[in-house]
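Please construct the entire structure, taking both the sequences and the accompanying hints into account.
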Amino acid sequence: MHQNQKLVQERILRALDERITPAVYSSKTPVTLRAWMAPDEPVPVAEAMRQEYAPFALGEPWGRAWSTWWFEVTGEVPAEWAGRTVELLIDPGFIGDWPGNQAECLVHTMDGVPVKGIHPRNTYVRLADEAAGGEQVRFLVEAAGNPDILVNEFVPTPYGDKATAPAEPIYRFRQAELAVFEPEVWALRFDVEVLYQLLMELPETEPRRHEVLRAIERALDVLAMDDIVGTAAAARAELADVLSRPAVPSAHTLSGVGHAHIDSAWLWPIRETKRKTARTFSNVLRLAEQYPDFRFACSQAQQYVWVKENYPTVFEGIKQAIADGTWYPVGSMWIEPDGNLPGGEAMIRQLTHGMRFFQEELGVETHGVWLPDSFGYTASFPQIAKLAGLDWFLTQKLSWNQTNTFPHHTFFWEGIDGSRIFTHFPPIDTYNSTLEAEETHHAVRQFREKGRATMSLAPFGYGDGGGGPTRDMMERQRRTADLEGSPKVIVEHPDEFFRKAEAEYPDAPVWVGELYLELHRGTFTSHAREKRGNRQAEHRLREAELWWTIAAVRTGADYPYEALDRLWKQTLLQQFHDILPGSSITWVHRENEEDYARSLAELDALVADAIARVTAQAVADGEGDGSGAFAVNSTGHARTALVEATDGSALALVAVPGSGIAPLVAVEPVAPVVTTRADGGTVLDNGLLRVTLDARGLITSIVDLRHADRELVPAGRAANLLQLHEDIPTAWDAWDVDAHYRASRTDLVEAASVELVEDSALRATVEVVRQFGRSRVVQRVSLHADDARIHATADLDWLEDEKLLKVTFPLTIHAQHHSAEIQFGHVRRPTHTNTSWDEARFEVMAHRFVHVEEPGYGVALTNAGSYGHDITRSVGVTGEVETELRISLVRAARSPDPVQDIGHHRFEYALVPGVGIEGAVDAGLEQNLPVRVVRPGDATEVAPAAVGSAPASDAVVPSSLPTAAGLVSVHGGTVRIEALKLADDGSGDVIVRLYESTGARAATRLEAHLAADRFTEVDVLERPLGAGFPRSIAFEPEADGRGVRLVLRAFQVITVRIHRA
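With the first letter of the sequence shown counted as 1, position 694 gets the number 694 in full-length UniProt numbering; the numbers rise by one all the way through.
To be clear, the hints were calculated from the coordinates, so they are not data collected in a lab. It is possible that part of the hints are untrue.
When the alpha-carbon atoms are kept at most 20 Å apart in a straight line, the in silico SDA-like pairs for lysine to any residue are as follows [to be verified]:
| hint | residue 1 | residue 2 |
| --- | --- | --- |
| 1 | K28 | V73 |
| 2 | K274 | K308 |
| 3 | K806 | R532 |
| 4 | K319 | G363 |
| 5 | K28 | R84 |
| 6 | K386 | T352 |
Computed spacing ranges between beta-carbons, pair by pair [what the hints assert, rightly or not]:
| hint | residue 1 | residue 2 | range |
| --- | --- | --- | --- |
| 7 | D227 | E130 | 16 to 26 Å |
| 8 | H493 | R742 | 40 to 50 Å |
| 9 | E168 | E504 | 54 to 64 Å |
| 10 | R828 | G773 | 34 to 44 Å |
| 11 | R172 | R742 | 42 to 52 Å |
| 12 | S836 | D984 | 44 to 54 Å |
| 13 | E204 | P246 | 18 to 28 Å |
The structure presented is a predicted model; accordingly, all values stated were derived computationally and were not measured. Cβ atoms here follow ideal geometry from the backbone N, Cα and C, with glycine treated the same way.
Have a look at this one:
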């Protein structure tokens, strides 16, 4: 028989779309709607229940952007529907079918209990499997008028903030009906769909393809198109044989797990995410009732907290589902954070706060990290995860790489310290799978471990804006669990998948270093004020814990557990992977800046209160008359710093111990600053460095007087030069910096004014004002006495669109690599572009410093709140290799936030010549933890000296108070203190987190300046180390109880509990 396969395929599609699918509902009857619009922000259901509702008809408009409407739905199940399956169908006027980024609903009982969420691909509420007929139907439906921010892709839109969104309604209510659901037609729909999708994935030469095609054709032959309901069973019988054929033994296994990746903020504000969790989680609970074999994995402890606080019945349902084995808390983290930008301690707290919540509230021990959607992953992460006792890591984001295809899906990921964690990238290349054959077969084709491994993981369910898995997906899974020609799609716990995958592939390949995403490089810089806010919040939290620990031990003060816990959780939330990267709508970032301002104000008050208690106790102990001031050092190492007197009228050079305080007594400078004029410019010289600025305020020469008068600025170049680029990526505006930005560059060399504004032996400062476009910047360059650093600030009023501003420091350094600080260490990246992998790293992330060196000489560039950098090499006019360090200061993308970064910014950075990595580490810490100045008993601290912030003089505030040491000190080696805090269990024990900072084995001694009973090494949750847990090379408590001798491997992090006597 001759047959046109294409015509048969077209027949199948038309029958499925136009006849079978519509026949799933055989009868319908309308319900009645009444409506009430919340006047402003969403209200609890209890308040909505008290309102007066007005008649509302289908087709009426509703829902201006971000508004909330409540609809009262009433109806009656017709008597003739007795014994039938009945559902309520709701369509509030969906535009397209993208779940989670437009109108959404949550259906409640009239008693206010959430029942189920509604989105474009999940529009039903099951009322009865077998109706009695005559039942009264009454529900309250909360409808959110959320706009589709990306409806025009990346065109700037005013809809991203309630304050700017147009007032016109977006939606018209389309459907509110009761309907008879036909289970046999529903099953036929998926029999046909699954088989049709299967045959379309099989080669035309594959006999199975033709067998399936013929079976579907026979089914359509017996299916009466005018009586789908009556003939569906006969059609299904024609398909039973091909559906029963088992998969071949070698078929790839896909471990499906239901999932809903809910962005905690993105194209909607946090307040909307709280409602999204309720809609999605209600859907999941209802789906589990319909499909007992369904399983769901859910991360982000913060979202569970929102549900617990706002939807207690849903939270109780979740706990029951966990007990029933249906629901799996996963991920171990407080939120799904950005994978690069949070500091080391913040990464640890993401895990400790998340894991404790899962343990204490849900009774679950999590075993892995579930982080599918962050924009690259730091090379420190394997160790951080292992320090929490975790076994596996999952993401799929590197499938988005633009240049290089990542070579593995299943592998061991090795971090900078040598820690390894078993890692899997789902080859299905999405965390929003629908389990359609195109996706599942793509996973098999893509899987790079074929022949060595046989299984991969497939998260399925609508995500980003929530929604979760649907019954459609479960129908596909059931049919493909063991089907010839298809991968085997089973449902299981991620822990079980990872256990089996590692057992099957124990010698999986090893990837060493960062998981760099070759995309979304702009997230290192977008929303610069919030990047600075994050850096400040992390360091203020460090200071607050440090000084309250000292205050608690020294004075008996009550440690502010609740405040610190709350402020940490706020900061962790703000590190979510669409908030901190700067890729959310205006509303999100406006609130985020406000949250940082509140947190920093509270943290400053906490720090000041603690320090005041410590200094007051010193006076009370008779250590002085209280007439003087203290300099306060929150770094773990001793330092000399230039500070301002408490009244802001004078400068002083002071020496302060690590994690301690010292009287504000001047140290006579060994190398005072001298200024001279030359060729219309200014020369600053402190005997360590000689810095020349030309008449335009550009640094044209930096001579290191300690190293044979070495010149650092290449001939014909200028340092501290601002460079402006056009910044219009091909897509993903806030996310991306594309390489073509380098084709346009404007050097901002012209100055409106150049002035020597400070000229003393302690500090000299040149101030330069520049105007460009609609923007204005005030740059200040300072040289301090006894300080081989060039301090710089830029106060910028930024009013540009689609521009990128960088500051550059070209150097006469022949560097093959640069070192960039990350959490608990640094990574080395090439400065050349030998390979496509090197070239793709044209914009990279660093925390507090980048460092370049040639044998015998290095230079660091530190910053106080920037992350984006580029480091390149070239050959200068003299034929010498030059290395150029650039910090990306600010961008001006227009989507999804059209006013991104507009306004005032302050940037602080410093060039540090003649240092190795250890010096760079300390310089970065000092940049971000400036010395504070306080008077004993005064809870208001004075800010550290800012460049040009006070008139300089040699006067100091006298003090008779002696130096007060911190609670602990580290002696010898390259080990640094990361955190000092009281134990979370309330025992009063002191917790010290240490790390090796340079990448070399280090021996050191940790000394305690308090009555200590013993020292123990613990994990980051402050628990005793179990068998097989990574430990220090040596941990030897001293017999006198005053300290412990340690040997750490390169970049190792350890946590020490000091048990107080």
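Now for the hints, and whether the structure bears them out:
Among the hinted pairs, K28 with V73 is consistent with the structure: their alpha-carbon atoms are about 15 Å apart, no more than 20 Å. Simply put, K274 and K308 have alpha-carbon atoms about 10 Å apart, close enough for the 20 Å limit, and the pair holds. For the hint linking K806 to R532, the alpha-carbon distance of about 16 Å falls within 20 Å, and the restraint holds. Between K319 and G363 the CA atoms are separated by roughly 9 Å; this keeps the pair inside 20 Å, and the hint holds.
With a CA separation close to 12 Å, the supplied pair K28 and R84 stays within the 20 Å bound. Distance restraint check for K386 and T352: the Cα-Cα separation of roughly 12 Å lies within the 20 Å cut-off, and the hinted pair is therefore satisfied. Roughly 23 Å separates the CB atoms of D227 and E130, a value that falls within the hinted 16 to 26 Å. One distance hint, 40 to 50 Å for the beta-carbon pair H493 and R742, holds here, with the actual separation near 47 Å.
Restraint check, E168 to E504: a C-beta distance of roughly 57 Å satisfies the suggested window 54 to 64 Å. Taking 34 to 44 Å as the suggested C-beta distance range, the pair R828 and G773 conforms, at roughly 37 Å. Roughly 48 Å separates the CB atoms of R172 and R742, a value that falls within the hinted 42 to 52 Å. Checked against the hint of 44 to 54 Å, the C-beta distance between S836 and D984 comes to roughly 46 Å, which is consistent with it.
About 23 Å separates the C-beta atoms of E204 and P246, a value consistent with the hinted range of 18 to 28 Å.
The structure agrees with every numbered hint stated previously.
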